[in-house]
Amino acid sequence: QKIAKIHGYESFAHYQCADRMAGTPEKVMELLENVWNRAKKTANQERKEMELFLDESNVELEEGIQPYDWRYYAEKVRKAKYDFDESLLKPYLSLKNVREALFAVSGNLFGLKYKKRNDIALYHPDVDIYEVTEETSDGTGEERLVSIFLHDNFARPFKASGAWMSEYRSQTKNLNSTSSLPTSTSVSSIEGIPIVSNNNNFAKSDQVTLLSYDDARTLFHEFGHAHHGMLSDATYGRLASTNVLTDFVELPSQLMEHWFEQRDVIKKYAQHYKTSEQVPDDLLDKLDAAKSFQQGFQTIEYSACALLDMALHQISDYNDFDLQEFEQNELNRLGMPQGIVMRHRPAHFQHLFSTNAYAAGYYVYQWAEVLDADAFAAFKETGDIFDPDTALRARKYIYSAGNTIPPDELFRKFRGRDPDINFMLRKKGLIDSK
Numbered sequence: 001q002k003i004a005k006i007h008g009y010e011s012f013a014h015y016q017c018a019d020r021m022a023g024t025p026e027k028v029m030e031l032l033e034n035v036w037n038r039a040k041k042t043a044n045q046e047r048k049e050m051e052l053f054l055d056e057s058n059v060e061l062e063e064g065i066q067p068y069d070w071r072y073y074a075e076k077v078r079k080a081k082y083d084f085d086e087s088l089l090k091p092y093l094s095l096k097n098v099r100e101a102l103f104a105v106s107g108n109l110f111g112l113k114y115k116k117r118n119d120i121a122l123y124h125p126d127v128d129i130y131e132v133t134e135e136t137s138d139g140t141g142e143e144r145l146v147s148i149f150l151h152d153n154f155a156r157p158f159k160a161s162g163a164w165m166s167e168y169r170s171q172t173k174n175l176n177s178t179s180s181l182p183t184s185t186s187v188s189s190i191e192g193i194p195i196v197s198n199n200n201n202f203a204k205s206d207q208v209t210l211l212s213y214d215d216a217r218t219l220f221h222e223f224g225h226a227h228h229g230m231l232s233d234a235t236y237g238r239l240a241s242t243n244v245l246t247d248f249v250e251l252p253s254q255l256m257e258h259w260f261e262q263r264d265v266i267k268k269y270a271q272h273y274k275t276s277e278q279v280p281d282d283l284l285d286k287l288d289a290a291k292s293f294q295q296g297f298q299t300i301e302y303s304a305c306a307l308l309d310m311a312l313h314q315i316s317d318y319n320d321f322d323l324q325e326f327e328q329n330e331l332n333r334l335g336m337p338q339g340i341v342m343r344h345r346p347a348h349f350q351h352l353f354s355t356n357a358y359a360a361g362y363y364v365y366q367w368a369e370v371l372d373a374d375a376f377a378a379f380k381e382t383g384d385i386f387d388p389d390t391a392l393r394a395r396k397y398i399y400s401a402g403n404t405i406p407p408d409e410l411f412r413k414f415r416g417r418d419p420d421i422n423f424m425l426r427k428k429g430l431i432d433s434k
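Numbering (this note's numbering), first residue to last: 1 to 434.
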């Protein structure tokens with residue numbers, strides 16, 4: 001709040017939003033409350049389904065479904081309603097095959113080719129390194145180096161947890177290579193080629209490493225971030241790659257996830273690691289049917305955190321402030337559905353309090369969902385998920401521009417209009433898919 005006042009803003013939320021796509025806290029609240037009201041209806045219906053299951057199973061809970069009950073009985077309902085066991089997909093999702101799918105999607109969209117280099121010494125034997133090239137536009141058939149890509153997929157002692165994209169060198173054109181300075185101070189153009197890595201923590205198998213569906217989707221997610229780095233085309237490194245506003249940075253990654261979910265892609269590359277049999281259609285049908293299951297619950301537990309975050313940081317005077325009382329009053333105002341709690345209670349909400357990066361900014365994940373659902377719809381509307389013209393626009397306005405153009409302007413250049421929330425709502429099953 002002191003920082004906000006020094007800069008002339010009425011609250012920290014106003015200060016944070018001023019340099020984001022949203023622009024104002026009011027715009028954020030409009031999005032969050034729109035989604036909240038729809039998700040609340042869906043979540044209450046999900047609870048009723050569980051209560052019906054309990055009645056049919058002769059199970060009585062004296063105080064009704066509580067937060068510690070929800071996931072347990074939701075899983076029971078999921079198995080009964082959809083007859084879907086996600087673990088049955090795992091034998092079809094080897095790391096080798098999913099990586100082949102990654103490279104194929106990248107090639108079909110952007111014309112990138114990946115050549116593994118076994119002659120380059122790396123910091124660990126589990127890491128793979130690739131030259132990433134594309135054909136030049138002059139029609140000669142020659143290839144140019146786009147990036148160096150490292151894939152560091154396995155857990156090991158002292159490695160950070162989670163999954164992330166990082167860069168050993170960001171793309172830049174600011175190299176003085178054609179300046180009037182002496183040759184000794186010039187820099188080779190190779191120094192402007194990005195070196196990008198994707199990092200995961202999969203359990204390495206002595207034979208074939210198999211992935212869960214979520215792990216495979218994470219590979220695509222991080223590969224989207226990698227493309228943001230590899231395809232960057234900015235003059236200055238400070239504006240290149242992922243150096244974009246917080247509520248835009250997840251668009252390239254979440255957009256890439258959509259291709260993994262497409263039947264044409266998963267059917268081609270999801271093959272049984274022993275028999276090479278393609279994943280059965282009936283298993284994929286059950287997967288598709290179950291995708292919107294519990295979206296009300298998942299949206300509520302996230303959105304409650306984002307709404308509380310934004311409300312908390314719009315306060316202008318924290319004298320005699322009681323966080324616990326504020327939390328309860330805000331959840332009462334929102335009408336928190338019975339049986340659901342916030343994903344992160346304030347006491348352990350590190351996004352808000354470990355640094356100020358995501359304070360008044362936890363909403364950005366949902367903001368990016370609006371963008372990625374709308375952006376992928378542009379491909380679907382052409383009838384070709386690899387439509388060349390749409391892919392070219394995606395490369396130019398989503399993956400290459402970095403922070404050289406305001407992100408709201410980039411999205412309008414790509415889509416021809418402002419984002420439409422309805423694509424995200426349909427994806428989550430919060431409005432009629434028709």
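Some clues are possibly wrong.
[As the list claims (entries may be wrong)] Derived lysine-lysine pairs resembling DSS-like cross-links, with alpha carbons at most 30 Å apart:
| id | residue 1 | residue 2 |
| --- | --- | --- |
| 1 | Lys90 | Lys41 |
| 2 | Lys413 | Lys90 |
| 3 | Lys286 | Lys413 |
| 4 | Lys380 | Lys41 |
| 5 | Lys380 | Lys48 |
| 6 | Lys428 | Lys413 |
| 7 | Lys291 | Lys27 |
| 8 | Lys90 | Lys115 |
| 9 | Lys396 | Lys79 |
| 10 | Lys428 | Lys48 |
| 11 | Lys380 | Lys396 |
| 12 | Lys286 | Lys115 |
| 13 | Lys27 | Lys41 |
Rather than coming from a laboratory, the hints here were simulated on the basis of the structure. For clarity, every value in this text was computed on a predicted model and none was experimentally measured.
Hint check results:
1. For the hint pairing Lys90 with Lys41, the CA-to-CA distance comes to about 33 Å; that exceeds 30 Å, so the pair is violated.
2. Proximity of Lys413 to Lys90 is assessed by CA-CA distance (about 39 Å); at most 30 Å being required, the pair is judged violated.
3. Between Lys286 and Lys413, the direct Cα distance comes to roughly 37 Å. Violation of the 30 Å bound is thereby established for this hinted pair.
4. Our distance criterion of 30 Å between C-alpha atoms is met by Lys380 and Lys41, whose separation comes to about 29 Å.
5. With a C-alpha separation of about 34 Å, the suggested pair Lys380 and Lys48 falls outside the 30 Å cut-off, and the hint is violated.
6. Restraint check for Lys428 and Lys413: satisfied, since their Cα atoms lie roughly 26 Å apart, inside the 30 Å limit.
7. A hinted pair counts as satisfied when its Cα atoms are at most 30 Å apart, and Lys291 with Lys27 qualifies at roughly 29 Å.
8. Distance restraint check for Lys90 and Lys115: the Cα-Cα separation of roughly 27 Å lies within the 30 Å cut-off, and the hinted pair is therefore satisfied.
9. Only pairs whose Cα atoms come within 30 Å are accepted, and Lys396 paired with Lys79 is rejected, the gap being roughly 43 Å.
10. The suggested pairing of Lys428 with Lys48 holds, with an alpha-carbon distance near 19 Å, which does not exceed 30 Å.
11. Of the pairs offered as hints, the one joining Lys380 and Lys396 holds, with about 19 Å between alpha carbons and a cut-off of 30 Å not exceeded.
12. For the suggested pair Lys286 and Lys115, the alpha carbons sit about 36 Å apart, so the restraint of at most 30 Å is broken.
13. The suggested pairing of Lys27 with Lys41 holds, with an alpha-carbon distance near 22 Å, which does not exceed 30 Å.
Figure legend: structure checked against the earlier numbered hints; hints not met, in rising order: 1, 2, 3, 5, 9, 12.
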